[in-house]
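These protein sequences, in sequence, are chains A and B. Note that the numbering used here numbers the first sequence so that position 113 is 113, with each residue one more than the last. Note that the numbering used here numbers the second sequence so that position 93 is 93, with each residue one more than the last.
Fair warning: there could be bad hints in the mix.
Said to hold, decoys possible - Straight-line distance between alpha carbons at most 30 angstroms, and here's what the computed DSSO-like set of lysine-lysine pairs gives:
(1) A:K291 x B:K9
(2) A:K291 x B:K91
(3) B:K50 x A:K291
(4) B:K91 x B:K47
Claimed, not checked - Computed, partial: chain A to chain B, Cβ under 10 angstroms:
(5) V11
(6) A14
(7) S15
(8) H20
(9) D90
(10) P319
(11) R346
(12) A348
(13) R349
No lab work stands behind these hints, which were simulated from the structure alone. Values in this document were obtained by computation on a predicted structure and should not be read as measured data. From the three backbone atoms N, C-alpha and C, an ideal C-beta is built for every residue, glycine too.
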Amino acid sequence: MVDFAGWSMPVQYASIIEEHVATRTAAGMFDVSHMGRLDVTGPASRDWLESLLTRRVADLDVGRCRYTLVTTDDAGVTILDDALVGRATDAADGTPRMTLVVNASNRDRVVAWLRSRLPAAGVVLVDRTTETAMIAVQGPAAMEIVCGLCPPGDAARIGGLGTYRNAAATVAGVPAAVSRTGYTGEDGVELVVPGAHAVAVWEAILAAGSPRGLRPCGLGARDTLRLEAGMPLYGHELTAAADPFALGLGLAITLQSPQGDVREFPGASGLRRMRDEPAGRVRVGLAGTSKRAAREGAAVLRPGDSAAVGVVTSGSFSPSLGHAVAMALVDREAATAGTPLEVAVREAREAVRVSSLPFYRRNDPRK
Amino acid sequence: MAADLKFAKTHEWIRPEAGGLATVGISAYAVEALTDLVFMQLPQVGKHVKAGESIGEIESVKAVSDFYAPVSGEIVEVNTPLAGSLETLGKDPYGAGWIVRIRPDAPAEMAGLLDQAAYDALVKSQPH
């Protein structure tokens, strides 16, 4: 067990590689209760989030979610976090019920920032993190396992959800908010359930999933899976002062409405400048040949040259590919796919090649 | 277990051999704790090392760890095939999973290491 943003969490239940492979070939189950879960309700909730987030929220229909950044206009633009904004079924009085899922390490400051921007009336912000639990079930067998624990109508609804869609369902007899999202590159869902029922849901999924190859997975496999899937992690690829366009996260930023109107939100002008004046290092994948991984902070160099052209932001042995992989920020001149580079691993240098991301893409029969 | 084994607090074992040599490896507990081993950097034959000095590194999916010379001496043999079959470390850590043979400068140095009972007690006190 390790401390992770104040949460005591397992790096692995048994073996990172076995958990990783189970998720790629069958299913993995992750306790992601450390992720911050915020409810934003009230008649003005949707428009308020529209005024704050880098993605459009005003046109977000019931049952949808989007990947967004949370920014302020400090120093032009400061990235507080990346998050998922969603819209659940409207409240009985017809007002929107919005949700935000934020990183554990950023939860306190995101909540403080949002509270500082609350209007006098019309929006209620409640941090539900400690009263709920969140369980991710990911992998090719994930939907079959979860749907098998739902009443037939709910199973059909959950099974029919598109990516980045959400719905309410009863899972293992427990009311759950279900979204077709994840952080592994696999199909699957993330479930939010009342904390009091979390263990029962976990155990029901484990019992139903184990015969199909499901394994409980720790932080180690979560990291290797998201690395193969080319997904950034706040604090590593994505940082407060990062240029999200250089990170390949332009899709998380909507600077104008479909009608061509300029969107305004905190940090928008700073982001416009970053979009219009590309500068600095860009995020790339680095594929190694050996199993020896470059770790975060390792210098990226041209062969035979001692001047760094980049720095590794995440690196590991890739269980799916059988060799080391990394994500790095490198100079634009060195960022072309196929460019031979080296990474400094302790006193040695390991040969790598610039690779497009993701390293791993699932075979998706739905596409 | 084997009465001829001594252990360093850093989880290496050492066993005296004939001819004034000693064999060094890492304990079953250490292998188990590391899990998911993917890479091993072995030292060069002929290198002289001091007790406590790093003689190589072992990398798991999650981290890189050094392993250390339990006594001072010259490295006279390296189990080179081990780097290509790291599963041997888990299957037979005190036999085929040996790492190096050392010619200790002062065999008496081994007396300062932990015996099996003391090492077992150390392992029991480790957080899980």
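Here is how each hint holds up against the structure:
no., hint, verdict
1, A:K291 x B:K9, "28 angstroms, holds"
2, A:K291 x B:K91, "21 angstroms, holds"
3, B:K50 x A:K291, "29 angstroms, holds"
4, B:K91 x B:K47, "28 angstroms, holds"
5, V11, "6 angstroms, holds"
6, A14, "8 angstroms, holds"
7, S15, "5 angstroms, holds"
8, H20, "8 angstroms, holds"
9, D90, "44 angstroms, violated"
10, P319, "7 angstroms, holds"
11, R346, "7 angstroms, holds"
12, A348, "8 angstroms, holds"
13, R349, "13 angstroms, violated"
In this structure, the hints that do not hold are numbers 9 and 13, in rising order.
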